[in-house]
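Novice: For reference, the chains in residue letters:
2 protein chains.
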Amino acid sequence: MYTDIEIAQRAKMEPIINVAAKLGLKDEDIELYGRYKCKISIEACNKVKEKGKLILVTAINPTPAGEGKSTVTVGLGDAFSRIGKKSVIALREPSLGPVFGVKGGAAGGGYAQVVPMEDINLHFTGDMHAITTANNLLAAAIDNHIHQGNKLNIDSRRIIFKRVMDMNDRALRNVVVGMGGKVNGFVREDGFMITVASEIMAILCLAKDLNDLKVRMGNILIAYNLNGEPVYAKELEIQGAMALLMKDAIKPNLVQTLENTPALIHGGPFANIAHGCNSIIATKTALGLGDIVVTEAGFGADLGAEKFFDIKCRYGNLKPECVVLVATVRALKHHGGAKKEELNIPSVEKLSMGIQNLEKQIENIKSFGVPVVVAINKFITDSDEEVSYINDFCNKLGVKVSLTEVWEKGGEGGVDLANKVLETIAKEEENFAPIYSEKESIKDKISKIAKTVYGAKGVQYSPAAIKQIGELEKFNMDKFPVCMAKTQYSLSDNQFLLGRPKDFDITVKEVRVSNGAGFIVALTGDIMTMPGLPKVPAANRMDILDDGEIVGLF
Amino acid sequence: MYTDIEIAQRAKMEPIINVAAKLGLKDEDIELYGRYKCKISIEACNKVKEKGKLILVTAINPTPAGEGKSTVTVGLGDAFSRIGKKSVIALREPSLGPVFGVKGGAAGGGYAQVVPMEDINLHFTGDMHAITTANNLLAAAIDNHIHQGNKLNIDSRRIIFKRVMDMNDRALRNVVVGMGGKVNGFVREDGFMITVASEIMAILCLAKDLNDLKVRMGNILIAYNLNGEPVYAKELEIQGAMALLMKDAIKPNLVQTLENTPALIHGGPFANIAHGCNSIIATKTALGLGDIVVTEAGFGADLGAEKFFDIKCRYGNLKPECVVLVATVRALKHHGGAKKEELNIPSVEKLSMGIQNLEKQIENIKSFGVPVVVAINKFITDSDEEVSYINDFCNKLGVKVSLTEVWEKGGEGGVDLANKVLETIAKEEENFAPIYSEKESIKDKISKIAKTVYGAKGVQYSPAAIKQIGELEKFNMDKFPVCMAKTQYSLSDNQFLLGRPKDFDITVKEVRVSNGAGFIVALTGDIMTMPGLPKVPAANRMDILDDGEIVGLF
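Quick note, the sequences are listed as chains A and B, same order. Oh and the first sequence: position 400 is 400 in this note's numbering, straight run, nothing missing. Oh and the second sequence: position 13 is 567 in this note's numbering, straight run, nothing missing.
Fair warning: there could be bad hints in the mix.
BS3-like cross-link-like pairs, simulated, lysine-lysine; straight-line CA separation at most 30 Å [claimed, not checked]:
#, chain 1, residue 1, chain 2, residue 2
1, B, Lys-576, B, Lys-601
2, B, Lys-801, A, Lys-535
3, B, Lys-914, B, Lys-893
4, A, Lys-182, B, Lys-1063
5, B, Lys-1033, B, Lys-762
6, A, Lys-247, B, Lys-566
7, A, Lys-12, B, Lys-580
8, B, Lys-580, A, Lys-26
9, B, Lys-640, B, Lys-1005
10, A, Lys-509, B, Lys-736
11, B, Lys-997, A, Lys-247
12, A, Lys-182, B, Lys-1089
13, B, Lys-1005, B, Lys-1063
14, B, Lys-914, B, Lys-736
15, B, Lys-566, A, Lys-47
16, A, Lys-451, A, Lys-339
17, B, Lys-788, A, Lys-535
18, A, Lys-26, B, Lys-566
19, A, Lys-535, A, Lys-420
20, A, Lys-535, B, Lys-736
21, B, Lys-762, A, Lys-340
22, A, Lys-12, B, Lys-801
23, B, Lys-893, B, Lys-932
24, A, Lys-49, A, Lys-366
25, A, Lys-234, B, Lys-1089
26, A, Lys-26, B, Lys-576
27, B, Lys-997, B, Lys-1028
28, B, Lys-801, A, Lys-247
29, A, Lys-502, A, Lys-451
30, B, Lys-894, A, Lys-182
These are computed hints drawn from the structure, not numbers from a lab.
Just chain A, with the same shape it has in the complex (with noise of 0.2 Å):
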C-alpha cells in the first residue's frame, strides 16, 4: 500500500492549463505558477455568473484522529465528475506550521487528494507569505508610531494586533519587544499567532475584492488610545501598503484532484478565532465555473456549519443546497462511550449511545433551513449490522446514508453519496436562513447559537467578558454576526461531554471583536493560537533527495 505523498506522485496531473480551459478559463484569465498551479484573475472572477449548486460537506463532533472531512470533500468532487457533472472543488489553504509539526500534509488522503500536494503543503503560490507579511507590516507600523512620537495616543498596554509567522513555535507566544535601549523603541509585552490566526487572513476569506479587502484592512482595531478610545489600522495610513502586498493572494487558487478535478484552494483561517471556510471569492467563482460546487468548514457541524451559514453564507450571500454529513463508525462508538481500544470492536450498544451526536447535528443542519445527507466514511473495521443500524436510524429521520470508500478508490467510491445528494437536491427545497439576525444583541445571538445548535441550557459570562460586550456596544462594534471559539470535539464547552449532552450551560470568558473581518469572537474557553512543535517534529522525517524526491511529507 502506497502512503499518500506515494499516492500523490504518481498522479497523472493535466497541465493546469488544460484543466482551467475545461472550465472555460482562457490563457488570460490565469496566471501560471509552475506548470500545475495557477491563480484566476480577478478579472475573469468578475466575469463569471454563478451558476452552481453548493454542496458544504461537515462532520459530527471529530475525534482528535479527524473523520476524514477533506477526503470525502475531495472523493465527492471527483464522484461528481464520474457522473458527467462539471464539478469544482472549494478548499482551504493547508499552514506551514502543522506541516512541520504533528500533522504534515492537509490536501485529502488516500486516492482523493488534490495535487500538487507538496506544493500545496509547502509555500504553494505565497498567499500565506503575502498575509504574514502584510500582518506585520502593520504591526511594525504600531511600533513604530509608538517610537516616532505616538501621535495616536496608543496605549502600549492596550495593543491588540499581533504579529504571526507561518510556523508552529511555542517560544514566540508570549514575548517582550522593543528592548536594548532608545533606538529600538519602547519596551512592551506582545505575542506571535500562527498566520491563519491573524484577521487579515479572516479578511482575505470574507472580502468582496481587492477594495473590500483595504477597507476592511483599514478597520482592524488595532489598539485602545489613553483615553480607551479605539484605534483603527487606517489611522496608520498603511492599509494601501498591505492591499498592495495581497494584490496576489486575492486571487484564488487553481490545482486539481488525482483524477483531475478541478479545484481551487483558497484562503485557510482558523476554525476557532475565526470562520474557518475558504475564501468568498474562491467559493463564488466555483460557482461560475463548475455546475456543483464542493466545499467544507472547519471542526464539526456544530462550530463549522454553524459558521459558515451564519458568517460566510450571510457576508457573501451564499445559498447551499444540500449539506453531507461525515461519520465514521468508530467516533460514533466513542461518542457513545468506547475506549479508544475499543472502537475496532463492533458494537451496536455504543453505537446506538452514540449516535444522538450525529442525530443533533443533523438537526442543527435542519434547523437552518438545508437537506443533509449522511456520509459514513468507511473503515475496514466497520461491521455490516453497525451499517444498517445508522442507516435505519437516519432514515427514520428522513435523511439519505451512504457509505463512502473514496480513500480507498477515489471518486468511484463516493459516486453512491454523490447520487444521493442530486436526489436530495432534487426532491428536498432547500430554505437557508441565518439562525440570528447581526442586529440583535450580543447576548441573543451567542444565546440563539448555544441553545439552537449547541442545545446549552443557558450562556454564562465571565466578568471580564460582560465588560467587553459593554465595551464594544459603547463603540458600535456590536452588529457583527458571532465567531464562537469553543471546543471541537464536544457540543458542549467541555471536551469530555461526548454524545449528545443535555442539561449543560455555556461559559463565555472573553469576546473580542474583528472589526476588519466583521465578526465578534466569543472564546468559551483558552483557544492557542501559536501551536508548538512535538517532540519530534514531523520536519525530522523530511527530505528532499539528490534526485529531488520529496520524502516524508506525510
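Chain A is fixed; fit chain B onto it per the hints.
Specialist: Then chain B, alone, in the frame of chain A:
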C-alpha cells in the same frame, strides 16, 4: 518626466517565455510565475556550459544617495544587447523591508530598470519567504529541542542563530522569548534580523546545488553547549526539511529589462555580515546562456568587489574578465571635501582632491589581476572641465573612462561604455587571483585585506575578537575566506575619513563564523541587522487602486 514606476508601467514587456526562448531555454526548462517571471529548472541550469564573459560592476565609496551601480549594471546589459551581444544581467533580489522603509524599490532606475518592477520589489517568486521560513523552522527547532529535554545540552545563553523577518521592525531587534510559563518553553534573550541577513541567504548564494545547500545548512553553527563546544544545525536533523522548503528558491529567477534584455535576479545577501552578491547558481547559469554577463556587488569596490573576488569567485571558480567602476562627479567632490550644498557647483579643485578615492579603487581592482573601466554616471550639473579632468586622470593610469547616461537614455546611454569594456577585454589580459589563501590564519587574511585593499597601516583587535579567533581556531572553523563588515562610506573603518585615507588602523571588534555559508565575519563596527521604519515610511504613500494601478512604490 516620469517616475521610475511610471516608466516601468509603460514598459513593453515580452512574455517571459519568449525571453527564455531567445536564450535557448525550452518550455520544460522554465516554470512560469505569471506571464513575466519564471524560474529556470535546476536541470536546465546544470545543462548549460559556461561560455560568457563575466563583467562586474562596482563603485567608488558611495555617498548615502548611492552612485547608481544597479542602474549602470542594467544599462550596460542593455547596451551590450544593442551592439548585438547576447547579453544577460545577473542581479540581487530586493528585500521587502527597505521597500516599505526609506528606500522604495530596488530594481535599477530611470530607463535602466528590470521589470515587472512591482513584483520584483514585492514578493517576487517567494525566495525571501522561503528563506524566512527555513530560517525560522531551524530557530523553532532549537527552542523546541531545549523545551523537550535538551539532549544536546544547548547553552541557552549562547544561541547564535536568530529568527528573521523580511520587514524593517526595530522592536524585534532585542526580544525575550519563551515567556508565560512551562508550556511556552524556557525564557531567553533573542533577537530578529531582517531576512537578507540570514545565513541561509548567504548559503543560497554560495551553494552549488540543492545537496550542497542542504549540507551547508546542516553545518550552520547554531549555538554552543554547556561544555563550550559548538552545536550545528544538523544535530537537530532539520536540514532535510529546510532543503525541502528551499526547493524552488534555489532555482534562478528570469525577468527582463525595459529593453527586453534577460535578467537573472536571484539571492541578495547583506553586503556587511555577508558577501553581498547574487547567487553563484544564477551567475553560472547566466554565463551558460549569454555571451556576456553583467553583474554587481554591494557597496564600494573595497567591500563589494573584494568579497566578490575573494568569496564568490573563489567558491564559484569564476573568472571575471573586466570590472566597471562607477563614480559620479558629485561623489568625487564629496570625497574631496565638498559640502552637500556645494556638490552642484563645478570645482575641479575639490574633484582633484577626491579623485584619490577612485585611484585607490582602481588599484584595488588591479591588485586582483582584473582590467578596469571607469563609468561616470552623468548628472546634469557635471561640467565639461570636471569630466575632462577625470578622463585625463584615468588615462594616465591607463584606464578608459566612459560617460554613461543610462538612467536617462537606457541602453543607448551605455553603448560607449559597452564598447570600451569590449576593447579592454580584447587588449588587456585577465589574470585573476584572490589576494589571500583561505588556508592562512584569520589574522593574516584580515591583514592582507586591510593593507592591500583599504590601505591601512595595520589591524587592531578587541579582546573579544582575540578570544573569538582563538575559539574558531580551536574548533577548526578558521580556514574560511573572511567577510569584512565595515562602513561602506570610507576605505577605512571610520565613515568620516573620505578620499584616500592614510596612516590608519582597522579595528576588528568582533569575529563570528558563518560555518554553513563558509566564511568568517570580521566586524569593525556595530552592524545593524534589523533596520527600522522612518517617521513617514514609504509604505504610507503606497496604494493599489480599484483598477489595479499601483502607486507610490517609488
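Novice: Now tell me, hint by hint, if it's right for this structure.
Specialist: Structure-based check of all given hints:
1. B:Lys-576 - B:Lys-601: With a Cα-Cα distance of about 16 Å, the restraint between B:Lys-576 and B:Lys-601 holds, given a limit of 30 Å.
2. B:Lys-801 - A:Lys-535: Since the Cα atoms of B:Lys-801 and A:Lys-535 sit roughly 26 Å apart, the hinted pair holds (cutoff 30 Å).
3. B:Lys-914 - B:Lys-893: holds, 22 Å
4. A:Lys-182 - B:Lys-1063: With Cα atoms ~23 Å apart, A:Lys-182 and B:Lys-1063 stay inside 30 Å; holds.
5. B:Lys-1033 - B:Lys-762: holds, 19 Å
6. A:Lys-247 - B:Lys-566: holds, 21 Å
7. A:Lys-12 - B:Lys-580: Holds, at about 22 Å.
8. B:Lys-580 - A:Lys-26: Holds, at about 22 Å.
9. B:Lys-640 - B:Lys-1005: violated, 39 Å
10. A:Lys-509 - B:Lys-736: holds, 23 Å
11. B:Lys-997 - A:Lys-247: Given pair B:Lys-997, A:Lys-247 is violated - Cα atoms ~50 Å apart, limit 30 Å.
12. A:Lys-182 - B:Lys-1089: holds, 15 Å
13. B:Lys-1005 - B:Lys-1063: holds, 17 Å
14. B:Lys-914 - B:Lys-736: Since the Cα atoms of B:Lys-914 and B:Lys-736 sit roughly 58 Å apart, the hinted pair is violated (cutoff 30 Å).
15. B:Lys-566 - A:Lys-47: Given pair B:Lys-566, A:Lys-47 holds - Cα atoms ~26 Å apart, limit 30 Å.
16. A:Lys-451 - A:Lys-339: Within the cut-off at roughly 29 Å; holds.
17. B:Lys-788 - A:Lys-535: Cα-Cα ~17 Å, so holds.
18. A:Lys-26 - B:Lys-566: holds, 22 Å
19. A:Lys-535 - A:Lys-420: Violated, at roughly 44 Å.
20. A:Lys-535 - B:Lys-736: holds, 15 Å
21. B:Lys-762 - A:Lys-340: Answer violated: B:Lys-762 to A:Lys-340 is near 50 Å, above 30 Å.
22. A:Lys-12 - B:Lys-801: holds, 21 Å
23. B:Lys-893 - B:Lys-932: holds, 19 Å
24. A:Lys-49 - A:Lys-366: holds, 28 Å
25. A:Lys-234 - B:Lys-1089: holds, 17 Å
26. A:Lys-26 - B:Lys-576: Given that 30 Å is the threshold and the Cα spacing comes to 25 Å, the pair holds.
27. B:Lys-997 - B:Lys-1028: Roughly 15 Å separates the two Cα atoms, so the pair holds.
28. B:Lys-801 - A:Lys-247: It holds: about 25 Å lies between the C-alpha atoms, which stays within 30 Å.
29. A:Lys-502 - A:Lys-451: holds, 11 Å
30. B:Lys-894 - A:Lys-182: holds, 29 Å
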